[in-house]
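K.L.:
Here are the chains, one letter per residue:
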Amino acid sequence: DAKTTQPNSMESNEEEPVHLPCNHSTISGTDYIHWYRQLPSQGPEYVIHGLTSNVNNRMASLAIAEDRKSSTLILHRATLRDAAVYYCILRDVTGGTSYGKLTFGQGTILTVHP
Amino acid sequence: EPEVTQTPSHQVTQMGQEVILRCVPISNHLYFYWYRQILGQKVEFLVSFYNNEISEKSEIFDDQFSVERPDGSNFTLKIRSTKLEDSAMYFCASSFLASSYNEQFFGPGTRLTVL
Numbered sequence: 001d002a003k004t005t006q007p008n009s010m011e012s013n014e015e016e017p018v019h020l021p022c023n024h025s026t027i028s029g030t031d032y033i034h035w036y037r038q039l040p041s042q043g044p045e046y047v048i049h050g051l052t053s054n055v056n057n058r059m060a061s062l063a064i065a066e067d068r069k070s071s072t073l074i075l076h077r078a079t080l081r082d083a084a085v086y087y088c089i090l091r092d093v094t095g096g097t098s099y100g101k102l103t104f105g106q107g108t109i110l111t112v113h114p
Numbered sequence: 001e002p003e004v005t006q007t008p009s010h011q012v013t014q015m016g017q018e019v020i021l022r023c024v025p026i027s028n029h030l031y032f033y034w035y036r037q038i039l040g041q042k043v044e045f046l047v048s049f050y051n052n053e054i055s056e057k058s059e060i061f062d063d064q065f066s067v068e069r070p071d072g073s074n075f076t077l078k079i080r081s082t083k084l085e086d087s088a089m090y091f092c093a094s095s096f097l098a099s100s101y102n103e104q105f106f107g108p109g110t111r112l113t114v115l
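Chains as they are written, first to last, in the working numbering: chain E, 1 to 114; chain R, 1 to 115.
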């Protein structure tokens, strides 16, 4: 899987929007951009994914740059429950060389202040 | 909402002992995974399993490790002779497909402590 770069940590205040950036300058045309998060003492949890267009779901929005070399996970109104480690992961299983494994980096530790 | 479950939540064992970690994936999922996370470190892929055989494994998954789907619902990870460095959180995950757009669902993990 191609490499991603994320800030080590970010802070936010409750009920404010949070923009979590991810750089993936070596992304290939078949890489999907996935975001997972890991709440304290829990397993990773899927948040959102996209390929080229911006995506929205009930948890978050994903904004993908036009050249796809970066993306931003947007939490529209952070809550205390959103405090977690957020992972940006590229996935490409074309050619059958990867059976779906996720390659986690260090992620971004998001702290939400009341 | 369907979820992945894991038992036990915490396992303490002596070095050299065998342990079996158990997982019940989501019922209609076809791909199963084990990951581990040593305290303070990143989540690491161990193995993926499909159609009753290993489809991919990492360098960590050596001969001490094995996986099995014994009865069509459980998915187990066995460590034959545990070492101190096997102490970690072990997460099971499952997905319907292994494609690049399918999400994986993770269980809450089993904390393995090797003394």
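Mixed in with the good hints, there may be bad ones.
Said to hold, decoys possible - Short, incomplete list of chain E residues facing chain R, as computed with Cβ under 10 Å:
id, residue
1, S41
2, T79
3, R81
4, A83
5, Y87
Because the hints were derived from the structure by calculation, they are not lab data.
No experiment lies behind these values; they were computed from the predicted model shown.
Note that CB positions come from ideal geometry on N, CA and C, so glycine has one too.
K.L.:
Look at each hint and say if it fits the structure.
P.N.:
Okay, the hints, checked on the actual structure:
1. S41: 8 Å, holds
2. T79: 19 Å, violated
3. R81: 16 Å, violated
4. A83: Because about 17 Å separates A83 (chain E) from the closest Cβ in chain R, which is outside the 10 Å limit, the hint is violated.
5. Y87: Given a least distance of 8 Å, the restraint on Y87 (chain E) holds.
Hints 2, 3 and 4, counting from the list given before, are not met by this structure.
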